[in-house]
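> Protein chains in written order, with our numbering: chain A, 1 to 341; chain B, 1 to 337.
A hint or two may mislead.
[To be verified] Here are the simulated SDA-like cross-link-like pairs (lysine to any residue), alpha carbons at most 20 angstroms apart as the crow flies:
#1 B:Lys252 / A:His110
#2 B:Lys252 / A:Glu81
#3 B:Lys252 / A:Pro289
#4 B:Lys252 / A:Asp171
#5 B:Lys252 / A:Lys300
#6 B:Lys77 / A:Ala62
#7 B:Lys77 / A:Leu99
#8 A:Lys89 / A:Gly55
#9 A:Lys89 / B:Glu248
#10 A:Lys300 / A:Gly314
#11 B:Lys77 / A:His152
#12 B:Lys77 / A:Asp148
#13 A:Lys124 / B:Leu272
#14 B:Lys252 / A:Asn120
#15 B:Lys252 / A:Gly85
[Said to hold, decoys possible] Reference listing, derived: stretches of chain A covered by chain B, where coverage requires no fewer than 3 residues with Cβ under 8 angstroms from a Cβ of chain B:
#16 180-188
#17 204-212
#18 324-335
[Unchecked claim] For the chain A half of the interface with chain B, some residues (derived, Cβ under 10 angstroms), not all of them:
#19 Leu54
#20 Asp198
#21 Val281
Treat the hints as calculated values from the structure; they're not laboratory data. C-beta: ideal position from N, C-alpha, C; glycine also.
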Amino acid sequence: MSFLDVKDLKIHFPTDDGLVKSVDGLTFGLERGRTLGIVGESGSGKSVTSLGILGLHKGGRARISGEIWLDGEELIGASAEHVRGLRGKKMAMIFQDPLSSMHPYYTVGHQIIEAYRIHNDVSKQVARKHAIDMLGRVGIPEPARRVDSYPHEFSGGMRQRAMIAMALSCDPELLIADEPTTALDVTVQAQILDLMMDLQREFDSALIIITHDLGVVAELSDDILVMYGGKCVEYGPADSIFYRPEHPYTWGLLGSMPRLDREPTERLLPIKGSPPSLINVPPGCAFHPRCPYAERTGGKAGTEVPALAETEGGHLVRCHMSREERRSLWDTEIKPVLEIQ
Amino acid sequence: MLTYIIRRLIGALAMLIVISMVTFGIFFVVPQWAGATPEALASRYVGRAATPETVHLIAERLGFYDPVAVQYGRFLKGIFAGAQYDYGAGVEQCPAPCFGYSFISGQPVWPDLVDRMPVTFSLAVGAAILWVLAGVSVGVLSALRRGSFFDRLSMGTALAGVSLPIFFTGMISLVVFSYGLGWTPPGGAYTPLLQNPAQWAYDLMLPWITLAFLFAATYARLTRAGMLETMGEDYIRTARAKGLREREVVVKHGLRAALTPILTLFGIDFGLLIGGAILTETTYTLPGLGQYAILAIRNQDLPQVMGVVLVAAVFVVVASLIVDLLYAVVDPRVRLS
C-alpha cells in the first residue's frame with residue numbers, strides 16, 4: 001500500500017438539476033518524496049478530488065464514497081474531528097489565488113502562527129520565530145520585518161510564497177497544490193515551482209500538483225493523471241505519458257499547449273467542443289463527442305464506457321481503440337505535428 | 001495611520017462647524033428671510049403683553065439688529081465662553097456652554113440637558129448591548145443554518161422587528177408586561193444607576209428589550225447577509241485547510257470580516273440614539289433627551305430645541321468619528337487609503 005492510496009473515489013453533489021458527478025471512480029496512489037500531476041480542463045473534477053482528500057468538499061450535501069488511505073489510515077470513514085486534526089498537520093494545501101486565499105484582516109505572520117499553533121502547543125513567541133524562519137525558507141527577504149505585513153502589502157509571487165510557508169509550517173507529509181501558479185506572472189511561475197520542488201525534497205513530502213497546464217507538470221512530476229469528466233482517462237509515469245501518450249484527449253492537451261520551440265506561424269490545435277456537463281455526462285466514453293477518432297470504435301464509443309487498461313509498465317489508458325491502433329495514430333498523425341523529440 | 005486620524009479629526013470638526021451654522025441659520029436667519037423682523041424674533045423672548053417699546057429694547061439687547069455674522073459669533077462665544085445678558089436692572093451670567101434660557105421655565109438649558117443625558121445614555125447603552133449580542137448571534141446562526149427552520153423563524157421575526165414601530169411594540173409590551181402581568185414597572189419609572197443599580201436595570205428592562213428588538217432585527221439581517229458572503233470566501237477554505245476548528249473559522253475568520261458594515265451601522269445608530277431616543281422615551285415617559293426634545297418642540301421653546309439639536313449632532317459626529325477610527329483598527333486596508 002502506498003503512502004496515499006485513493007480507491008474508487010466518488011464525490012457526487014445532488015442539485016436541483018440532477019446529480020453532479022464531480023469525481024466518478026478515481027483510483028491512484030502516491031509515495032512520499034514523489035510528485036503526482038493531476039491534469040484536466042476546468043470542471044474535470046481535479047480540484048474536487050483534492051478537496052475531498054482533505055475532507056473539504058462542500059458541506060453535508062456531498063456524497064462521497066470509496067476509500068482514501070493516508071499513511072495506513074482510512075479518511076472517508078474517519079470522524080470529521082479526526083480529519084480536522086490531520087488537516088494542516090499531516091496534509092496541507094496551497095490554493096490558486098493567494099490574494100483571496102489569505103485573510104485580508106490578519107498579517108501574514110498571524111496567519112502562519114495560527115496554522116502552526118493549531119497543531120503545536122507552543123507560545124506565541126516560539127510560533128512567531130517559526131513563522132519568520134518559514135518565511136525566510138520560502139525566499140521572502142527580510143522575513144523578520146515582513147512577518148508583520150498584510151497580504152495586500154505583498155506582491156503576487158510573495159503572497160504565494162507566504163501561502164507555501166503557511167502550508168509547510170507543520171511539516172505536512174502530503175502537500176496538495178491546486179493550480180499554484182495560475183494566478184501568477186509567467187516570470188514568477190518557474191520560481192514558485194522550483195521552490196516547491198526544493199521544499200518537497202527537503203521535507204520528503206508527497207506532492208500533488210493540480211493544473212490544466214500539462215507543461216507545468218511534465219518536468220516536475222513522477223506520475224501524471226489526466227482527468228476528463230470526473231474520470232481518469234490516462235494515468236502513468238510522466239515520461240511514458242508525455243512521450244507516448246495514448247489517449248486522444250491527452251493528445252488534444254498537448255496540441256493546445258503554446259510552445260516556444262515551434263514555428264510561431266503554426267496554429268495551436270484546440271480540442272473541439274466544450275467540457276461535458278457533469279450532470280449529463282455523455283453515455284459511453286465521455287470524450288466521444290469531441291474525439292476525432294470516435295468512429296473507429298465501431299459504435300462502442302457512444303454506448304460503452306471504456307475500461308482503464310494497462311498498456312505498458314503502469315501506464316493506464318481509458319480508450320476503446322486497440323493499443324496498436326493508438327500507437328500507430330500517435331506515430332503517424334500526432335507526433336509529427338507536435339514535433340516532440 | 002496618523003494622517004488618517006488627523007484627516008478624520010479635521011473632518012469631524014468641519015462637520016460640527018457646519019452643523020452649528022445650519023442650526024443657527026434655521027432659528028435666526030431663515031425666519032428673517034421669510035420676512036420676520038428682529039422685533040418678531042425678540043417677541044418670542046417676552047410675554048404676550050409686552051409693549052412694542054419693550055420688544056424693541058429686547059431685540060436690541062439680544063443683538064438682533066446686528067449683522068448675522070456678529071450674531072453667529074456671539075452664539076458660538078456663548079457656547080464656548082459663556083454669555084452675559086444685560087437686563088437693564090442687572091447682568092445675568094450664563095456660564096459656558098450657554099444655550100440660553102428656557103422660555104417656559106426661565107432656567108438655563110444646559111444643566112437641564114446634563115440632567116437628562118444619563119437617562120438616554122442608560123437606555124441606549126443597555127439596548128445596544130442587547131441588540132448587538134442578539135442580532136449578531138441570531139444572524140450568524142441563521143447564516144450557518146441557511147434555509148433551516150431556525151433561519152426562517154428568526155428572519156420572519158426580524159421582518160416583524162423592522163416593520164413594527166416602537167410606539168406599537170412599546171404600547172403592547174406595557175399593556176402585557178406592566179399592566180397585565182405586572183412583571184415590569186409601568187412607564188415613567190427611572191432610578192439612577194448609582195443610586196440603585198438593580199432598580200435601574202429593572203426599571204429600564206422593558207424599554208431596553210423593546211428598543212433592542214427593533215434594532216436587533218436589522219442587525220440580524222445584516223449579519224446574516226454578511227456571513228453568507230464571507231463564509232463563501234477563499235480564505236475561509238484556507239482556514240479550514242489549516243485544520244482550524246469550525247467555531248474559530250466562523251468567529252475569527254468569517255465574522256471578523258463580516259463585522260465591518262455592522263460597525264458602521266452601529267456608529268450611526270448609537271450616535272443617533274444617545275442624542276435622544278424620541279419614540280422610546282415618549283412611549284415609556286422616560287425623562288431623557290428625546291422626551292426633552294419633544295416637549296421643547298411642542299412648547300416652541302427655542303433655546304431648548306437648539307440646545308438639544310446641537311447636543312444630538314455632537315453625539316452623532318463623535319460616534320461616527322469613533323467608528324471611523326475603529327474602522328482602521330478592524331480593517332488594515334483602510335489605513336492605506
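> With reference to the structure, classify each hint as holding or not holding.
Verification of the hints:
{"no.": "1", "hint": "B:Lys252 / A:His110", "verdict": "12 angstroms, holds"}
{"no.": "2", "hint": "B:Lys252 / A:Glu81", "verdict": "19 angstroms, holds"}
{"no.": "3", "hint": "B:Lys252 / A:Pro289", "verdict": "48 angstroms, violated"}
{"no.": "4", "hint": "B:Lys252 / A:Asp171", "verdict": "24 angstroms, violated"}
{"no.": "5", "hint": "B:Lys252 / A:Lys300", "verdict": "55 angstroms, violated"}
{"no.": "6", "hint": "B:Lys77 / A:Ala62", "verdict": "71 angstroms, violated"}
{"no.": "7", "hint": "B:Lys77 / A:Leu99", "verdict": "54 angstroms, violated"}
{"no.": "8", "hint": "A:Lys89 / A:Gly55", "verdict": "14 angstroms, holds"}
{"no.": "9", "hint": "A:Lys89 / B:Glu248", "verdict": "17 angstroms, holds"}
{"no.": "10", "hint": "A:Lys300 / A:Gly314", "verdict": "25 angstroms, violated"}
{"no.": "11", "hint": "B:Lys77 / A:His152", "verdict": "48 angstroms, violated"}
{"no.": "12", "hint": "B:Lys77 / A:Asp148", "verdict": "48 angstroms, violated"}
{"no.": "13", "hint": "A:Lys124 / B:Leu272", "verdict": "41 angstroms, violated"}
{"no.": "14", "hint": "B:Lys252 / A:Asn120", "verdict": "19 angstroms, holds"}
{"no.": "15", "hint": "B:Lys252 / A:Gly85", "verdict": "18 angstroms, holds"}
{"no.": "16", "hint": "180-188", "verdict": "violated (count 0)"}
{"no.": "17", "hint": "204-212", "verdict": "violated (count 0)"}
{"no.": "18", "hint": "324-335", "verdict": "violated (count 0)"}
{"no.": "19", "hint": "Leu54", "verdict": "6 angstroms, holds"}
{"no.": "20", "hint": "Asp198", "verdict": "22 angstroms, violated"}
{"no.": "21", "hint": "Val281", "verdict": "26 angstroms, violated"}
Violated hints for the displayed structure, listed by number in ascending order: 3, 4, 5, 6, 7, 10, 11, 12, 13, 16, 17, 18, 20, 21.
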